[in-house]
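Enquirer: Sequence:
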Amino acid sequence: QPLAAVPVHPPPQLGRNTTNQAYSYLDIQGLQIWQGFNLETILQQYQNVLNGAVIAADPMPASPPRPITAENVLQAQICEILRPRIRRSLRVGFSFLANNGGMQGRTELCFDVGEAARAIENYKPDTAYFDIHAAPATAPNRAPGDVKPSWKWRTDMGGSQNCQSTK
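Here our numbering is used: the first residue of the sequence shown is 86, the next is one more, and so on.
Take the hints with a grain of salt, since some may be wrong.
Cβ pair distances, simulated, as ranges [what the hints assert, rightly or not]:
| id | residue 1 | residue 2 | range |
| --- | --- | --- | --- |
| 1 | Glu200 | Val177 | 22 to 32 Å |
| 2 | Met188 | Leu111 | 22 to 32 Å |
| 3 | Tyr208 | Val139 | 32 to 42 Å |
| 4 | Thr192 | Arg170 | 13 to 23 Å |
What the hints contain is simulated information worked out from the structure, not anything from laboratory work.
Note that CB positions come from ideal geometry on N, CA and C, so glycine has one too.
Given the sequences, and given the hints that come with them, work out the whole structure.
Expert: Right, dumping it as structure tokens:
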């Protein structure tokens, strides 16, 4: 059964995005297809984990999703609904790899808020993947994430005046 669509209600007055002076949308020189990142490659490398690691069922909430009315509402829903599932999936997957000799050259990761990883140049991303065994806030963020509702950022906004005024 498909999940219910999440209602999106942008605020009547869009505010400015939080920014870091060390980074700008101008730093993004282009977007391109990552040829090696595809379902075939992922299955070739991780199908044994996907088929062998077992996670107890944890259905998504049955109640209708709350409307997304602001960036922090979106962040709260990610924290409430997705973060526990992502963390559990990582634990089970890395445990499976460790028990089956598959951790060579791999680092066990955790998923959390961005400030749980080491800050670089005062950049505070919204999400982080980092070494679970490192001391708090010392591990580098291996995949910093920035949470934005659709009305604040889309790939087609990169070179537009709208991007410059709402970033």
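Enquirer: Next, verify each hint and record whether it holds.
Expert: For each hint, the structure was consulted:
A C-beta distance of roughly 25 Å is found between Glu200 and Val177, which places it inside the suggested range of 22 to 32 Å. Range check, Met188 to Leu111: about 39 Å between beta-carbon atoms, so the 22 to 32 Å window is missed. Range check, Tyr208 to Val139: about 37 Å between beta-carbon atoms, so the 32 to 42 Å window is met. Taken as a hint, the range 13 to 23 Å holds for the pair Thr192 and Arg170, whose Cβ atoms sit roughly 21 Å apart.
The structure fails hint 2 only (numbered hints given earlier).
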